Structure formats: C-alpha cells, structure tokens
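Heads up: the protein sequence lines correspond to chains R and H, in order. Position one of the first sequence corresponds to residue 1 (the UniProt record's numbering), numbered consecutively onward. Position one of the second sequence corresponds to residue 1 (the UniProt record's numbering), numbered consecutively onward.
Just to be clear, a hint being listed does not mean it is correct.
Said to hold, decoys possible - The list that follows gives simulated cross-link-like pairs (lysine to aspartate or glutamate, EDC-like), each with its CA atoms no further than 16 Å apart:
#	chain 1	residue 1	chain 2	residue 2
1	R	Lys35	R	Asp24
2	R	Lys35	H	Glu214
3	H	Lys55	H	Glu94
4	H	Lys35	R	Asp221
5	H	Lys35	R	Glu214
6	H	Lys35	R	Glu184
Unchecked claim - Ranges of calculated distance between the beta carbons of each label pair, as one might list FRET restraints:
#	chain 1	residue 1	chain 2	residue 2	range
7	R	Gly51	H	Gly207	32 to 42 Å
8	H	Arg97	R	Ala141	36 to 46 Å
9	H	Gly124	R	Val15	44 to 54 Å
10	H	Pro130	R	Arg29	14 to 24 Å
11	R	Pro40	H	Ser49	57 to 67 Å
12	H	Gly71	R	Arg72	36 to 46 Å
13	R	Arg72	H	Lys176	18 to 28 Å
14	H	Ala141	R	Glu44	50 to 60 Å
15	R	Pro37	H	Tyr101	21 to 31 Å
16	R	Asp197	H	Arg245	25 to 35 Å
17	R	Pro38	H	Arg245	28 to 38 Å
18	H	Ala102	R	Gln142	38 to 48 Å
19	H	Gly222	R	Arg29	13 to 23 Å
Unchecked claim - Computed footprint of chain R on chain H; a stretch qualifies when at least three of its residues, placed anywhere within it, have a C-beta under 8 Å from a C-beta of chain R:
#	segment
20	136–143
21	218–226
If you're looking for bench data, these hints aren't it; they were derived computationally from the structure. Only a predicted model underlies this, so the values are computations on that prediction, with no experimental measurement involved. Even for Gly, the Cβ is constructed at its ideal location relative to N, Cα and C.
2 protein chains.
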Amino acid sequence: MAARISRDAPEPLHVQIAASFREDILGGRWPAHYKLPPEPALAEQLGVSRGTLRKALAVLIEEGLLVQTRGRGTFVTAGVLEPRIAQRLHSLSEDFRAQGYALDVQVVSARLEGLQMAVQALLGAPPGTPGLRLVRVFRGAQGPLAYLVNWVRADLCPGIEDVDFERNSLFDVLEKSYGLPVTEGRRTFSAAPAREDVAEALEVPTGTPVLYLEQVTYTRDGQAVEYSDVWINSTAVKVTSLLTR
Amino acid sequence: MAARISRDAPEPLHVQIAASFREDILGGRWPAHYKLPPEPALAEQLGVSRGTLRKALAVLIEEGLLVQTRGRGTFVTAGVLEPRIAQRLHSLSEDFRAQGYALDVQVVSARLEGLQMAVQALLGAPPGTPGLRLVRVFRGAQGPLAYLVNWVRADLCPGIEDVDFERNSLFDVLEKSYGLPVTEGRRTFSAAPAREDVAEALEVPTGTPVLYLEQVTYTRDGQAVEYSDVWINSTAVKVTSLLTR
Numbered sequence: 001m002a003a004r005i006s007r008d009a010p011e012p013l014h015v016q017i018a019a020s021f022r023e024d025i026l027g028g029r030w031p032a033h034y035k036l037p038p039e040p041a042l043a044e045q046l047g048v049s050r051g052t053l054r055k056a057l058a059v060l061i062e063e064g065l066l067v068q069t070r071g072r073g074t075f076v077t078a079g080v081l082e083p084r085i086a087q088r089l090h091s092l093s094e095d096f097r098a099q100g101y102a103l104d105v106q107v108v109s110a111r112l113e114g115l116q117m118a119v120q121a122l123l124g125a126p127p128g129t130p131g132l133r134l135v136r137v138f139r140g141a142q143g144p145l146a147y148l149v150n151w152v153r154a155d156l157c158p159g160i161e162d163v164d165f166e167r168n169s170l171f172d173v174l175e176k177s178y179g180l181p182v183t184e185g186r187r188t189f190s191a192a193p194a195r196e197d198v199a200e201a202l203e204v205p206t207g208t209p210v211l212y213l214e215q216v217t218y219t220r221d222g223q224a225v226e227y228s229d230v231w232i233n234s235t236a237v238k239v240t241s242l243l244t245r
Numbered sequence: 001m002a003a004r005i006s007r008d009a010p011e012p013l014h015v016q017i018a019a020s021f022r023e024d025i026l027g028g029r030w031p032a033h034y035k036l037p038p039e040p041a042l043a044e045q046l047g048v049s050r051g052t053l054r055k056a057l058a059v060l061i062e063e064g065l066l067v068q069t070r071g072r073g074t075f076v077t078a079g080v081l082e083p084r085i086a087q088r089l090h091s092l093s094e095d096f097r098a099q100g101y102a103l104d105v106q107v108v109s110a111r112l113e114g115l116q117m118a119v120q121a122l123l124g125a126p127p128g129t130p131g132l133r134l135v136r137v138f139r140g141a142q143g144p145l146a147y148l149v150n151w152v153r154a155d156l157c158p159g160i161e162d163v164d165f166e167r168n169s170l171f172d173v174l175e176k177s178y179g180l181p182v183t184e185g186r187r188t189f190s191a192a193p194a195r196e197d198v199a200e201a202l203e204v205p206t207g208t209p210v211l212y213l214e215q216v217t218y219t220r221d222g223q224a225v226e227y228s229d230v231w232i233n234s235t236a237v238k239v240t241s242l243l244t245r
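Taking the hints into account, I'd like the entire structure generated from these sequences.
This is how it looks when you write it as structure tokens:
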C-alpha cells in the first residue's frame, strides 16, 4: 500500500492515498463490507498524518465508496446507498441527507382523502377522520431510490395538505409546524415484487424484487399519527444496521 | 369489546377475552401493526384484572397474532414471524427462539474449504486460511424460513467442522467453545430474486423476491470472524424494528 505513495510525486499525498484505496476497493482487495484498519494504525502504516489520511477518506466517502460511522469505523460500501433506517427513527430523507447524498423529492400527489379502513384502525382514528395521502418519489443522482405512500391523520394537523413536501420532510413538518414530536416508530422490512405503480415510480420492470417497508409512527402518549408503505430500489439502496450484542 | 365478555359464561374470562381480541384481529378491526392500548387502560376498559388480561394476551402471542416487547407495548403482527435482527445482534435462531417459535435447523453441509477471495479479504485472513462453509436451512411450522451460508475463519476455531450445528447456534459455539465473543456486526438488507439454490432451499419458485441479508461479524479488537449470506422467505418472515427518535 505505502509503496504506491510517493512524496516526490506531483499529486498531493491525500490524492495518492485516495487513488490507492480506490484501486483496493475497485480491484476487490477491499470488498464490500470490509472494515478498514483504525485510523491511527492506517496512518502509521502509510507514514502520513491522520489529517492527510482523513482527507483521503473524505474523498472516497464523497464518492460513495466508503461509509463512516462515529465510533464504529470506516467500511467499504456495497456500491449503493446504505441508510440506517432499521436502527434509528430517521426519516429516509433525513438519513440520506445526513450521509451527504443529494436527494431530489418529487411529490406525485398530496391530497385529503378518507382514511382506508385498515389505516383508520391503525391510527386509532374515529370513522370519517380526514387523512392526507402523500405520494412521493425520492431520487438520487442515479435515479429513483424510493417510492413512498404516507397516510397522515389530517385532523391532528389542519392545513397539512398545503405544505410543500418537495422542500420539507414529513417528520419536520409534524414536529415543527404542528407540535407533534415523532417519538417512536415500528417498521417491518420484507421483499416484494414491484406492483405496477411501484415499478413505474422506481423505473424498474413490474415484478422486480424491491424492499418493502411498512411503518407506523407515533407521537407523544403513543398516539399513532402516520402510516406508510415504502418501496425501496434494492439496486440503489441497502438498509444497513451496525449492531452490538 | 367489553360487551362480548360475560362473567356468567362457562368459558374462563381470559378465554373469552382472547376470543374477542382474535375476532378483532382476524376481522380487521385491529389490523397488522396495530398497537393495543396500554395494559392498565385495557384491563380497566374490560373490567378485569391485569392478570386476566395478560393470560388472554399470552394466548394470542402463543398463536402468533400478537407480539410484545418489554416497555414498548403489544402489537398485532403481520401474520408472519417478525425477528428484530436489524436492531440487535441476535442470531436469527436466537431471535426466533426468544420469541417462542419452534425452529428446526437442517445442516445442508458443513466442511472446510479455502476461503473465497472476497471473503478472505473481508475477514482479514492471510491467503490459504481454512474456512468453515456452513450451509443451513431454518424451518418453522409452516416451512422454510431462511437459507444461510456462513463462512467462518476455521484457523480461529480448530475442529469447528465437527460441531453439530443442528443442535448448537453458531454464535454460541464461537463464544462458548472457542472464547470468541461476538461483539459487533454489520448487516445490510435488500430484496433479491431467489437464485436456484436459494429457491430450492426456501421451496419457492426461482426468481421469487426474497429478503437478502449480508453480515460480517466481529469479535474482540474488531477482528472479523464470520461472513454470511442469508436469504429470508418474506412470505413467512418480516424483519421488524421498534425505533425511537
């Protein structure tokens, strides 16, 4: 590794290191999920300062080849986005953005509708409760990442149908505009064939395996406030958990 | 709800309550993911003791209709197993068994092989390191739940190829027989079409969407000890996370 780095070369050291690591990753010597040695050891091995090493790592994180988690280390990604939404109650958009990914949110529709019976029961809403049905597509640089259909109890957030959800995250709106802190959530993950509307939104053939996420979100006192169905494009996104025993 | 319960009926109260709840669930009034009211409120509503209520809940948990998490409440399941393996570093078998499910582990093969190059790199093993390739099918009452291919660094656990993995969990063996505590893990979840061997093991048609889990497990000092590919039958199992913000 260190052999490929030269103080006499015209490129700055961190650029050389990034190039060397990139070769390790793309060449398979560091495969997907590989955990890099701790920074101090790696810096020593390379004979550079930790600052220089960090600059090199930052380049590869920016390129999506590495992912770093405070206190857990630096890992080679599987070449896809790796949100940690199975582990912490972040919204998908918050999680992508926290990882530094540009995210383009397209609102397909946002209107008040009667809640479907199952959703009404799930949200503990009386019959006739109005619901916001919010349909969105999250796009990354490479194309569609996720297709989301949210149902929100509109009686708890009057006027929510007028919010611009291309600019505001749903959790943010609930918390900041309506004083409904999102405190808890329950998510299940499974694989499903893409239905026609899902396939169209994710730009994949109908029937393509997609990651299917069902979510119920609670605000204070265990009041369910939102239910959603989310389909995630598995060729672009893998849900990641870093776990301790 | 309370109207369906009678102290004069011949069935014990908890049996009546369980029957009433079962009707609520199967009839859709309490849909999948529905969170039941807190026990004290529910007991009061029914006019019964918490002990009686708990007996009724235990019946439905045993039937797989409800799932309960300490401190988080009681939820209606999606009619499938709901391991929490995205959230805590339990092995799949530990998690199923902790939830009270009977699990039948079939070992398809368990033998020493040279580690594949990518696995060798992932595990930080020198070239020529022997690996245990362990192939298993986990079956529940309804059929196959998961198909698992694990690669273990055999140089760290001599003789592991002779362990009976139909009776012992891999994590247990690493910890108890080889003093390799499993301290950390990294898991990614995505959807994938079932390849031929996966389809055969899970008894589904080739190409069926299945939940695909990749895992690297670490022991002390961040030493990677095991890599696995796991395919989960999404018609029988949904991975569940209970999250706080």
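Hints, one by one, checked against the model:
1. R:Lys35 / R:Asp24: Status holds; Cα separation ~13 Å.
2. R:Lys35 / H:Glu214: Given that 16 Å is the threshold and the Cα spacing comes to 14 Å, the pair holds.
3. H:Lys55 / H:Glu94: Roughly 25 Å between the alpha carbons, so the hint for Lys55 (chain H) and Glu94 (chain H) is violated.
4. H:Lys35 / R:Asp221: holds, 12 Å
5. H:Lys35 / R:Glu214: Given pair Lys35 (chain H), Glu214 (chain R) holds - Cα atoms ~14 Å apart, limit 16 Å.
6. H:Lys35 / R:Glu184: holds, 12 Å
7. R:Gly51 / H:Gly207: 32 to 42 Å: This hint is violated: roughly 50 Å between Cβ atoms.
8. H:Arg97 / R:Ala141: 36 to 46 Å: Holds, at about 43 Å.
9. H:Gly124 / R:Val15: 44 to 54 Å: With Cβ atoms ~26 Å apart, the hint is violated.
10. H:Pro130 / R:Arg29: 14 to 24 Å: holds, 20 Å
11. R:Pro40 / H:Ser49: 57 to 67 Å: holds, 60 Å
12. H:Gly71 / R:Arg72: 36 to 46 Å: Hint violated: Cβ distance 25 Å, outside 36 to 46 Å.
13. R:Arg72 / H:Lys176: 18 to 28 Å: holds, 26 Å
14. H:Ala141 / R:Glu44: 50 to 60 Å: This hint holds: roughly 55 Å between Cβ atoms.
15. R:Pro37 / H:Tyr101: 21 to 31 Å: With Cβ atoms ~40 Å apart, the hint is violated.
16. R:Asp197 / H:Arg245: 25 to 35 Å: holds, 29 Å
17. R:Pro38 / H:Arg245: 28 to 38 Å: With a Cβ separation near 30 Å, Pro38 (chain R) and Arg245 (chain H) satisfy 28 to 38 Å, so the hint holds.
18. H:Ala102 / R:Gln142: 38 to 48 Å: Given a distance of about 43 Å, which is inside 38 to 48 Å, the answer is holds.
19. H:Gly222 / R:Arg29: 13 to 23 Å: 18 Å Cβ-Cβ, so the 13 to 23 Å window holds.
20. 136–143: violated (count 0)
21. 218–226: holds (count 3)
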